[in-house]
Amino acid sequence: MEAIKVENLVKEYRIAKKDKGLGGAFKNLFVREKVLVRAVNDISFTIPEGEIVAFIGPNGAGKSTTVKMISGILTPTSGRVLVNGMDPQKERIKVVQNLGVVFGQRTQLNWDLRLGESFELMKHIYQIDEEKYQENLKVMDEILGIFSIIDIPVRQLSLGQRMRGDLVAAMLHSPSVLFLDEPTIGLDVDGKYAIRKFIKEINRVKNTTIILTTHDLGDIEELCKRLIIINKGKIIEDGVLEELIDRIAPDKNLVVEYFDEHYVKHDKAEIISRQGNIVTYRFCKDTITGAQLLCDISEQIKVKDATIEEAKIDDIIRIAYSGR
Amino acid sequence: MFGKMKHYGMVTLINIKLAALMMLEYPANFVGWLLSNPIQFIVGFATIKFVVERFGNINGWDYGELAFLYGISVISHAVSMIFFVQAWFMGSYVIEGDFDMYMIRPMSVLYQFFFTKINIIGITDLIPGICVFVYGCIKTGYSFNISNLIAVLVTVVGAALIRGAIYIIMGTFSFWTRSVNDFAGFTQEFFDKTTMYPINIYPHIMQFILTYIVPIGWVSFYPASSLLSGVNWEVSVTLLIGIFVMILAGLFFKAGLKSYESAGQ
Numbered sequence: 001m002e003a004i005k006v007e008n009l010v011k012e013y014r015i016a017k018k019d020k021g022l023g024g025a026f027k028n029l030f031v032r033e034k035v036l037v038r039a040v041n042d043i044s045f046t047i048p049e050g051e052i053v054a055f056i057g058p059n060g061a062g063k064s065t066t067v068k069m070i071s072g073i074l075t076p077t078s079g080r081v082l083v084n085g086m087d088p089q090k091e092r093i094k095v096v097q098n099l100g101v102v103f104g105q106r107t108q109l110n111w112d113l114r115l116g117e118s119f120e121l122m123k124h125i126y127q128i129d130e131e132k133y134q135e136n137l138k139v140m141d142e143i144l145g146i147f148s149i150i151d152i153p154v155r156q157l158s159l160g161q162r163m164r165g166d167l168v169a170a171m172l173h174s175p176s177v178l179f180l181d182e183p184t185i186g187l188d189v190d191g192k193y194a195i196r197k198f199i200k201e202i203n204r205v206k207n208t209t210i211i212l213t214t215h216d217l218g219d220i221e222e223l224c225k226r227l228i229i230i231n232k233g234k235i236i237e238d239g240v241l242e243e244l245i246d247r248i249a250p251d252k253n254l255v256v257e258y259f260d261e262h263y264v265k266h267d268k269a270e271i272i273s274r275q276g277n278i279v280t281y282r283f284c285k286d287t288i289t290g291a292q293l294l295c296d297i298s299e300q301i302k303v304k305d306a307t308i309e310e311a312k313i314d315d316i317i318r319i320a321y322s323g324r
Numbered sequence: 001m002f003g004k005m006k007h008y009g010m011v012t013l014i015n016i017k018l019a020a021l022m023m024l025e026y027p028a029n030f031v032g033w034l035l036s037n038p039i040q041f042i043v044g045f046a047t048i049k050f051v052v053e054r055f056g057n058i059n060g061w062d063y064g065e066l067a068f069l070y071g072i073s074v075i076s077h078a079v080s081m082i083f084f085v086q087a088w089f090m091g092s093y094v095i096e097g098d099f100d101m102y103m104i105r106p107m108s109v110l111y112q113f114f115f116t117k118i119n120i121i122g123i124t125d126l127i128p129g130i131c132v133f134v135y136g137c138i139k140t141g142y143s144f145n146i147s148n149l150i151a152v153l154v155t156v157v158g159a160a161l162i163r164g165a166i167y168i169i170m171g172t173f174s175f176w177t178r179s180v181n182d183f184a185g186f187t188q189e190f191f192d193k194t195t196m197y198p199i200n201i202y203p204h205i206m207q208f209i210l211t212y213i214v215p216i217g218w219v220s221f222y223p224a225s226s227l228l229s230g231v232n233w234e235v236s237v238t239l240l241i242g243i244f245v246m247i248l249a250g251l252f253f254k255a256g257l258k259s260y261e262s263a264g265q
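One line per chain: the protein sequences are D and X, in this order. For the first sequence, our numbering gives the first residue as 1, with consecutive numbering after it. For the second sequence, our numbering gives the first residue as 1, with consecutive numbering after it.
These aren't lab readings, by the way, just hints derived from the structure by calculation. Hints are not guaranteed to be accurate.
Unchecked claim - With a straight-line Cα cutoff of 20 Å, these simulated PhoX-like cross-link-like pairs (lysine-lysine) come out:
(1) D:Lys94 x X:Lys254
(2) X:Lys254 x D:Lys90
(3) D:Lys252 x D:Lys268
Work out the full structure: start from the sequences and follow the hints.
Rendered as structure tokens:
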């Protein structure tokens with residue numbers, strides 16, 4: 001069964017246009033021009049249970065707006081959202097009982113009190129029974145080491161520790177769907193590692209469906225098979241990471257280091273740069289394999305060293321954002 | 001239904017516990033309010049005393065009766081501050097997108113908005129209120145029997161609901177105006193002027209408005225009149241109006257929440 005189903009979702013905002021300067025401000029008192037902005041423009045997708053999906057796009061692309069409509073925070077202008085078969089607008093309480101949300105830039109935790117108090121509140125809000133609560137905390141401790149910070153006031157936690165606290169708070173009631181809005185933003189290497197490990201673990205053990213929005217390509221590479229790229233309110237790519245790379249950037253580079261100035265030309269590869277003994281060939285992997293190319297070359301001149309460069313994920317995303 | 005009440009009851013207890021913990025975390029803050037808050041009510045009370053000494057009474061209300069009226073007004077103010085003060089800041093919640101947090105949890109948004117931040121500091125308003133009220137009781141010879149006590153409690157609950165509902169309705173406009181409407185000062189002033197004096201000192205049109213349109217007359221004037229003349233059952237009208245306007249406010253808030261746009265697109 002699909003965890004999330006989105007059909008022809010649209011969200012429009014009316015934004016008041018402001019004229020420049022004092023004269024403009026005075027004019028705006030009487031005449032208000034409103035501009036209609038389509039933040040999300042007719043998008044559809046489905047996410048099956050247990051999948052980890054990255055939702056990426058430039059700032060202002062409509063990612064957060066979409067996630068907020070799915071979690072019932074925003075009312076769609078038109079279109080349909082179903083979470084576990086339910087409409088979050090009509091059955092908000094039932095939907096969120098099975099939903100965990102973490103906003104990386106904001107905390108659900110009570111700033112002034114020890115971390116444990118916030119967990120205690122969650123326990124009662126979600127009506128988690130004592131046994132389950134203790135069991136979940138223990139699992140979280142194994143992955144995130146939560147017991148070592150549970151007695152510290154939230155305001156004294158480091159960003160990384162606070163993020164762990166927020167993740168635990170969002171997972172205590174074992175939701176089947178988890179939204180993570182930029183979960184690794186501002187974290188150091190250790191912090192990112194811990195959060196990613198947690199996400200993988202929770203997905204593996206509990207089969208939790210996870211949607212994450214991120215600008216961190218490391219998150220995507222490590223966590224997600226599937227990628228949804230959204231720009232200007234529309235989905236521009238939706239698919240498996242490797243397939244996207246194959247389709248958007250089918251070219252690879254072969255960098256060959258020769259022993260001296262002599263080098264080879266090949267009719268299925270284009271030379272894109274030459275610096276001393278090092279020559280870079282670009283080839284399309286549909287016409288020739290990297291191994292074949294290298295074999296052809298080394299038959300003619302002896303090769304000292306060679307590497308194959310694939311398009312990196314940031315290239316893919318840059319190409320996708322620019323609309324190709 | 002019973003399960004739901006138990007759920008909300010338990011969460012309320014936890015929220016009260018957290019509010020108490022917060023107060024203990026910052027004791028100086030509480031002490032500051034404890035010292036400064038009573039002063040404004042003592043000043044208000046001094047004004048009444050001054051007016052009465054000049055004119056003998058206000059529209060037939062003598063000093064003791066006015067203290068009784070003012071006492072009810074301040075006590076219901078204190079209760080509304082404890083539970084509903086958040087409504088004064090609804091505008092900034094709308095602008096900052098702070099309702100997101102409440103909308104992703106399986107409880108009523110309005111309940112969470114008020115009860116996750118119970119304002120225990122509001123107790124500091126309760127103390128001068130009770131003092132003035134007890135003073136009024138002694139002056140008027142109002143007796144503390146069970147029936148009277150229940151009637152006073154019913155009045156306070158009803159009056160606090162009326163106040164809270166009006167705060168909610170005013171705050172809810174922020175969903176459409178999308179601005180921080182700072183009506184805290186205005187509301188406090190307005191409620192002070194309309195609940196510390198008997199409303200029959202105002203012109204008829206104003207009395208009509210305060211009775212039927214913005215039912216502030218039912219916060220202190222009508223119930224105090226009923227209590228002082230010994231017709232205790234009449235205060236149930238205050239409670240009924242309180243419940244009614246609170247339901248209206250809740251529905252209005254729900255409609256406003258539909259237009260909620262969170263923050264940062």
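Now the hints, each set against the structure:
Distance check on the hinted pair: Lys94 of chain D and Lys254 of chain X sit about 17 Å apart at the alpha-carbon level, within 20 Å; holds. Proposed proximity of Lys254 of chain X and Lys90 of chain D is supported: the alpha carbons are some 13 Å apart, at most 20 Å. The hinted pair formed by Lys252 of chain D and Lys268 of chain D meets the criterion: a straight-line CA distance of about 12 Å does not exceed 20 Å.
The structure fails none of the hints (numbered hints given earlier).
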